[in-house]
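With chain A held as given, fit chain D onto it using these hints.
Chains A and D supply the protein sequences, listed in that same order. Per this note's numbering, numbering of the first sequence is gapless, rising by one per residue and ending at 261. Per this note's numbering, numbering of the second sequence is gapless, rising by one per residue and ending at 261.
Keep in mind that the hints were calculated from the coordinates and are not lab data. In this text, all values refer to a predicted model and were calculated from it rather than measured experimentally.
Put simply, identical chains are the same to the list, so a pair is met inside one copy or across any two.
As a list, the in silico DSS-like pairs of lysine-lysine whose alpha-carbon atoms are at most 27 angstroms apart: (1) Lys75 x Lys43; (2) Lys256 x Lys161; (3) Lys75 x Lys256.
2 protein chains.
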Amino acid sequence: MNADLARLSPRELRQLIRRGDYDGHTSGLGQRHLQANIVILQKSWADEFLRFCVLNPRSCPLLDVTEPGSPYFEKLGTDVDVRSDLPRYRIHRRGRAFEEVTDIGEFWEADFVAFAIGCSFSFEQALLDAGIQLRHIEMGRNVAMYRTAIDTHPAGRLAGKTVVSMRPMKAVDAVRAIEITARFPMTHGAPVHIGDPALIGIADIAAPDYGDAVPVRADEIPLFWACGVTPQAVLAEAEPELYITHAPGHMLVSDKLYGEV
Amino acid sequence: MNADLARLSPRELRQLIRRGDYDGHTSGLGQRHLQANIVILQKSWADEFLRFCVLNPRSCPLLDVTEPGSPYFEKLGTDVDVRSDLPRYRIHRRGRAFEEVTDIGEFWEADFVAFAIGCSFSFEQALLDAGIQLRHIEMGRNVAMYRTAIDTHPAGRLAGKTVVSMRPMKAVDAVRAIEITARFPMTHGAPVHIGDPALIGIADIAAPDYGDAVPVRADEIPLFWACGVTPQAVLAEAEPELYITHAPGHMLVSDKLYGEV
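Bound-form chain A, shown alone (with noise of 0.2 angstroms):
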């Protein structure tokens, strides 16, 4: 990580973005401001993601929604364009990964509706900051995450089950990082489960469907929280004839602090 990028704002880190100039990762940038996950839809298929949104604020926190046709995230900052201030996007069409681009400026059509939704690495901070270790931050690996049997509540043509995000602690951090997590409704809030996987479907927690294993130790709970993967994975299964989300690992870099939100 270069140190300078480090130290810029959530402006200047976009801004940097805007010009082409960046196009990495933003974990760890933006001076501890909240970062979202991005899904871009058309009109026709909008308005069932936003009540699928809605029904399932655990996996789905929307922090922001355009005005159809709009590129212009108000709630979230100042000239935030989604067409440009994010370092890398991925084109859908019928539901496969497509295309990974930097901008998304010629794929921009007039009834497009973005949506900005909680991402765990505003929460993932909250625990560190409050002395939680996180395994798989300290192995260098990208989270576990799991395929659940959890129903989530379908809207319109979208349905699915719930993906989660699996980090394991003894259980006196488990009890603090319920506490911490708690208080962050936008960033997937509390736990969905804790303890036994198989209770919520989970055959072996050795073998995560998305990210990497991370071994849970036998003095230790695991922790499942909803994750901004299962709309993604609902959008995968219901196969709109396009859409745009960012690319994994490089989030849209917000204004907002997460406990503004």
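Frame of chain A; chain D shown alone:
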């Protein structure tokens, strides 16, 4: 209040109401379960209203939204039919209260979308349970509500000022009330303002725009919470051709407890 009525479960109460055997207010009924403000809109307004709620979660915490055309709230309980399960409704035409009815079956349209919005009845119960006295309840009055200078985040044709409810407290209770209500974002969450009413555009605390005036004593601080009247005021200004709401105090009683959502 009929003591037998107060002993009914939410489901038993809704069945009584559905049969036409009760059309009174719901304050204190439903065994402490979550009650909801209701707004029903045609699809041509529903998408904007959904976005408005998402952008203004303090005023409009969304508990549930129906599929277009469906009268059932799937998240709020078993067999919750919005056409018949509230004691009283108001049918609004072009923004004006038009007619008060006890059943809306004959008004139901194939593209109606119903919204359930969190209600202050539930957070007031949490405050009373913590031993915090509420002046308007002691005095047998409605809570005092004010139109403020705080802009809502607009969504399409929906825009306007935030309406707040005010409860005066001594400092020690005020701090505790903030702690408690912060834990329940689905019933308006923490206050949006405390102290000097002029700072949010309230010229005369003795002259509320809705509800009844309640005195603020010299050793008290007024606390202002975003209020579910906000969406109704915004709709009244936008003047949709037709929409339906609960009649004041005649709420939907759900099967959920307030810690559940």
